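Engineer: All chains, please: the whole structure from these sequences, using the hints.
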Amino acid sequence: MTNLNMTVNGKPISIEIEANEYLAAALRYKLGLTGTKIGCDEAECGACTVIVNGTPVDSCIYPALKAQGAEVLTIEGLAQTWAATEPGVATEPGVATEPGVVTEQGVVTEPGSVTTPALHPLQAHFIHQGALQCGYCTPGMLMQSKHLLDHNPNPTTDEIKVALKDTLCRCGAYVAIMNAIQFAAEEMREPNAARQTVIPNLPATKAPLDVIGKPLPRPDAIAKATGAAKYTDDYAFPDMLWGATLRAKFPHAKILKLDVAQAQALPGVRAVLTHHDVPGSKNHGLIYNDWPVLCYDKVRYQGDAVAIVAADTREIAQRALDLIEVAYEPLPVVDNPVDALKPETIIVNDGTGHGNLLKHIHVEKGDIDKGFAEADVIIENEYHSPFYEHAFMEPECSIGRVLENGRIEVICGSQIPYEDRRQIAAALNMEEREVRVRGALIGGGFGGKEDIAAQIHVALLAKATGRPVKMLYSRHESLVSHPKRHATVIRVKTGAKQDGTLVASQATIYGDSGAYASLGDKVMTRAATHAAGPYAVPNVKIDCYAMYTNNPPAGAFRGFGVTQSAFAVESNMDELAHQLNMDPFELRRMNALRIGSTTSTGQVVKESAGLLECIRLVEQEVKRQRDSNLQSPVSKLQSWGFAAAFKNTGLGGGAPDKSAAEVEVFEDGTAEVRSSAAEIGQGLPTVLAMITAEELGLPYENVRVLLSDTDLTPDGGPTTASRQTFVTGNAARYAAKGMREILAETASEYLDAAPAQLTFKDGYVSQNGHKLPFAEIVKRARQENRPTRYLHEYFAPATKPLGVEGDMHFGFSYAAQAALIELDPDTGETHVLKIVTATDIGRALNPLALQGQVEGGIMMCLGNALTEEFIVEKGKVWSDLFAKYKMPSIKHTPEIVSFIVEDEISAGPFGAKGVGEISSIPTTPAITNAIYNACGVRVRRLPVDQDALLLAMRAGKLET
Amino acid sequence: MREFDLLQPKTLNDALEALAQNNATIRPLGGGTDMLVDLRARRVQPDTLVALQGVNELRGVTRANGHLHVGASTTIAEILKNPLFAPFNALRQAASVFANPMIRNSATIAGNIGSASPAGDMLPPLLALNAQIELVSRNETRVMPLSEFFLGPRKTAKRADELISSIQLLVTSNQSPVSNPQSSAFYKLGLRQADAISLVSVAVWLERDGEKIRDVRIALGAVAPRPMRATRAEEILRGQIFSETNLKESARIASTECSPISDLRASADYRRRMIAVYVRRMIEQAWQHF
Ligand SMILES: Cc1cc2nc3c(=O)[nH]c(=O)nc-3n(C[C@H](O)[C@H](O)[C@H](O)COP(=O)(O)OP(=O)(O)OC[C@H]3O[C@@H](n4cnc5c(N)ncnc54)[C@H](O)[C@@H]3O)c2cc1C
Ligand code: FES
Ligand code: FES
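Which chain is which? The protein sequence lines are A and B, in order. Quick note on numbering: the first sequence equals residues 1 to 960 in this note's numbering. Quick note on numbering: the second sequence equals residues 1001 to 1290 in this note's numbering.
Read the hints as simulated data drawn from the structure, not as lab findings. No experiment lies behind these values; they were computed from the predicted model shown. Among these hints, one or two may not hold up.
[To be verified] Calculated lysine-lysine pairs in the DSBU-like style (CA-CA distance at most 30 Å, straight line): (1) K1081(B) <-> K891(A); (2) K1248(B) <-> K636(A); (3) K161(A) <-> K1081(B); (4) K1248(B) <-> K957(A); (5) K1010(B) <-> K11(A); (6) K884(A) <-> K1155(B); (7) K876(A) <-> K1155(B).
[As the list claims (entries may be wrong)] Listed next, with one range per pair, are the computed distances between beta-carbon atoms: (8) N152(A) <-> G1066(B): 31 to 41 Å; (9) P238(A) <-> P1153(B): 28 to 38 Å; (10) K342(A) <-> E1244(B): 50 to 60 Å; (11) N429(A) <-> D1269(B): 51 to 61 Å; (12) G54(A) <-> Q1045(B): 26 to 36 Å; (13) N152(A) <-> N1065(B): 32 to 42 Å.
Even for Gly, the Cβ is constructed at its ideal location relative to N, Cα and C.
Structural biologist: This is how it looks when you write it as structure tokens:
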């Protein structure tokens, strides 16, 4: 131990430190300055950026001792640096929050005014521009930006791109980030001018109501911009132990022997548990109970958990893992879904009783043979897509502890809190009421935090030791263990008449669902039901096989299977347009789903089908741009490409889709809305607060949101299938309406008017010029012993299972996109210059949050097309570091021109339907179609490989 | 993570003394951008690190006797900023695409050489500029051409008790009068626009005499077990008129001189082709710079 003396945010600090401790960890765990985030611990993501002696550093690889005598600035001290140059501005100093102090509630987002002067201009403009979503990258992003502006008071977008090149935002808020930095720079150049809250340049949407439809910042934005926001690893408890997991050594092997004696004997180790120590259900799983809590007979993928340890420190826990002896008998590795289906292949997992076949999904409509017989042109191709990684910036973390009364509490960032509770209780052989799951803020999910990660493990370890236990996955562990996007092989055959009318569409899809089911069958069902594209095709036959293999499990991932099938269908559609010599916009328009059309599953579209309008807007914009300026640099090829897509909102398929929300009103004129629905960056608290404020006639700032605490909030169901705005939004809306009706009873007596005639607006209840403050009504309602909270359980319109006549989904969102790319014919390198997008989401409840979802979805799908590939070789993960998984950074950000189509859906809250996934679906085929238009080569394998592309171009081949 | 000691010597002597203890698991630490990442990933496990940050003798860039003397601890960021590097365009270009501004503030030139990765971005420019490397230990100082320093992937001529103390670059060519203009260029090709690790990199240096290329050096990265010179390709151009035909031929030869491997990032064939494309593009670029 050495004494480290440094100044942190202006305050002298002295701590004891080991030579092998890094600054990020020292700040977080020794000083409680948890605003500095750790995303990778390998200098790849920039989340941990702090400023040391005026220079930004990746504090995760900065030995703490190097900061001896240094001035360190962290996010907690950022506001202060501005206030210091601004006399007279009051500010909160960057105080260390005591580790170990936790509020007794889940994620409460406090109301607050974002015009507060105590924010640094960067913080203020990040908030107003919507430059933060999940917020996990925000502290690093802000510190890096501060350094940029310190040295360059007026940076161009290109200069910003250079400076922030490796500071990653997986929510893809890059456009907003660039705008925010430029507005902040402007403000900082004129330090005496009052702060202007600049409304970002957003696409046109319908006129707003009192609250709904306004571009309001997120209620949790200030906390996220100042480093005060708490994610799971930001919590600490007295006497807390660190947990660690022993992962499988082989992708497929029998466990012959498991000996933990040596590990147990290591000083500082408090518990070592194996499958023998799982008192309840040995398996867990969202739909199928096929995933061992701790492996007992065999291991099925490299990330399988074999044993878990709790120890006094993280290092001791790691060392204990090395001491656990496991003898394996390796088994043959099944590494692709096509082999998995062959009868002679070894069975990896018999979770559903059908061997390696997790699920065969069949979609049929009309008569496929007759359809192809009628076709003048038939296009048939095979497409391949690899696994993809969510790469949420916050690695998984869970804390388990035993409460006074013997109950177990688990704090984690979960997309489905009530599901976690069910699975934890089952494994621990406890009643669900004995388990409390509290959601912390989530640093991105994208579908990757729906399954159990360490939630059960920390509960087991907490129970075994009686002490709080934290498990924080390293990036490596996160990469090898959690479910991915399905790798697929998709064969699509499309038949059309000479005039372009689609007559038949057939597809065979193999989906690699990896070692465990996760949500594999649902994901592949969506891939199948969307495999004819957003078109009315009379004859359809789709067979999809979701297979078990020894690869990492595959599950939910933004787009939910539709990303993969859309790439295949839209490539075929583009090829069809070329064969028929038709305009690709026209071909899609002719066949697009519209009111009265029937989908592949036999559902008649009755309302809210804005695809035609999306196509029209994109076509108009592309043609305008194409005519005005297409000057390609001589040595490069430039081209546009187009694609369309649709995506269901809600679970559908006959699954009961419900959510509950509770609204409580208080005598201070505020309200709180509660639901166990996860916020993964998409902006759910904003939407719930807005809906509640609108219905109760309260200012937006007067509504708090409490999410994800199974003791305090009713079940909101899973955050998946773009359903939360719709389902929980409706629950909140009806709860608020119910609350209003009760308050109206009280108010009607004092205002002498029928309850239905009262107006709730701006914090007052009024009638004919008489008005009473909302707060006053609440007070009086209480005196009258009326309830001040109202719970509503909302059931979405019923749906039918696949294969049963009727509506499989209650609604769909639609999108059309065009991409302008530039291709270097000598090297095959491809860049996306521009994306034009139009999205039909029913109603824009908050145009700012919506823009974030649209742009973020596009960035993610751009990665899907060009930069990302989660590589697994014979069951062994190659992409086991961020350095080996390249996601788009700010420098890949194209210009994005966005249009919003608001074709309202009657059952949606104010007409809204899902927005979370749709924008991330058509980008890939729009890009690959543009590549074809540039060089005449069809991309059949994702991601676009410059090597294969060049090879094909040089060999005069037509496809990769 | 394994525990280690961090020594922070203030003088070169102290640093060399520590290394002379000849402990097999003692390692110098520059900016740490390679070492500490490797350490965290448990790829290396030294007992002791000797941080060179505080050793003044290893800092500074000076010009004397027609040479630029570049201290080992010179950061990549400094190469971009310090006007003394202006004559060395290839080095500047490499620095400008090196990692990101934050890493550049820490990463040192000696660290890039010390890591001896075949894909190290500063290495082809240094080879093309005919850099000399100075190594010091408690008992001896030796200077050698950088081209002799790299023995294989991550293998170098440096002994465990030695430190890289400086790099020397010739500001004017010794075989030719000062009036002959010189120019250099560098390009790094990344996979899928992600330029963290080069698929191939190319640095060229030219000395012009009228319409002729009087002298030329071509260096390639990431296409052989160590950064290499493409000497046969140079021969095609040396002393010849700058012409499209020579250029093409030289580029073709360069692509046959290297020995790239196929891996998950790209095929050997693609890498060869890219060498041909970029040798040509870089020579054209350097020529246009005159
Ligand atoms: C995010 C990221 C991006 C990167 N991008 C690039 C890139 O684009 N291009 C590129 O080339 N590299 C890149 N790197 C690798 C790394 O930054 C460089 O190799 C850098 O130059 C190493 O310098 P350093 O001072 O940090 O070396 P260190 O990590 O301190 O040391 C590297 C090695 O050199 C030895 N060493 C250091 N100094 C001396 C000395 N004076 N004498 C003898 N031996 C010494 C050390 O013992 C060690 O073996 C990247 C790294 C990261 C983390
Ligand atoms: S760069 Fe430090 S945590 Fe990712
Ligand atoms: S807001 Fe940037 S990663 Fe989520």
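Engineer: Determine for every hint whether it applies to the structure shown.
Structural biologist: Now for the hints, and whether the structure bears them out:
With a CA separation close to 22 Å, the supplied pair K1081(B) and K891(A) stays within the 30 Å bound. For the hint linking K1248(B) to K636(A), the alpha-carbon distance of about 20 Å falls within 30 Å, and the restraint holds. Distance check on the hinted pair: K161(A) and K1081(B) sit about 19 Å apart at the alpha-carbon level, within 30 Å; holds. Restraint check for K1248(B) and K957(A): the C-alpha separation of about 25 Å stays at or below 30 Å, so the hint holds.
Annotation: proposed proximity of K1010(B) to K11(A) holds, straight-line Cα distance about 27 Å (limit 30 Å). The suggested pairing of K884(A) with K1155(B) holds, with an alpha-carbon distance near 23 Å, which does not exceed 30 Å. Distance hint between K876(A) and K1155(B) is fulfilled; the C-alpha atoms sit about 28 Å from each other, no more than 30 Å. Under the hint 31 to 41 Å, the C-beta atoms of N152(A) and G1066(B), about 35 Å apart, fit the expected range.
Between P238(A) and P1153(B) the beta carbons are some 49 Å apart, a value that contradicts the proposed interval 28 to 38 Å. At roughly 55 Å, the beta carbons of K342(A) and E1244(B) sit within the given window of 50 to 60 Å. Restraint check, N429(A) to D1269(B): a C-beta distance of roughly 59 Å satisfies the suggested window 51 to 61 Å. Taking the beta carbon of each, G54(A) and Q1045(B) are about 33 Å apart, inside 26 to 36 Å as hinted.
Distance hint check for N152(A) and N1065(B): the Cβ-Cβ separation is about 37 Å, which falls inside the suggested range of 32 to 42 Å.
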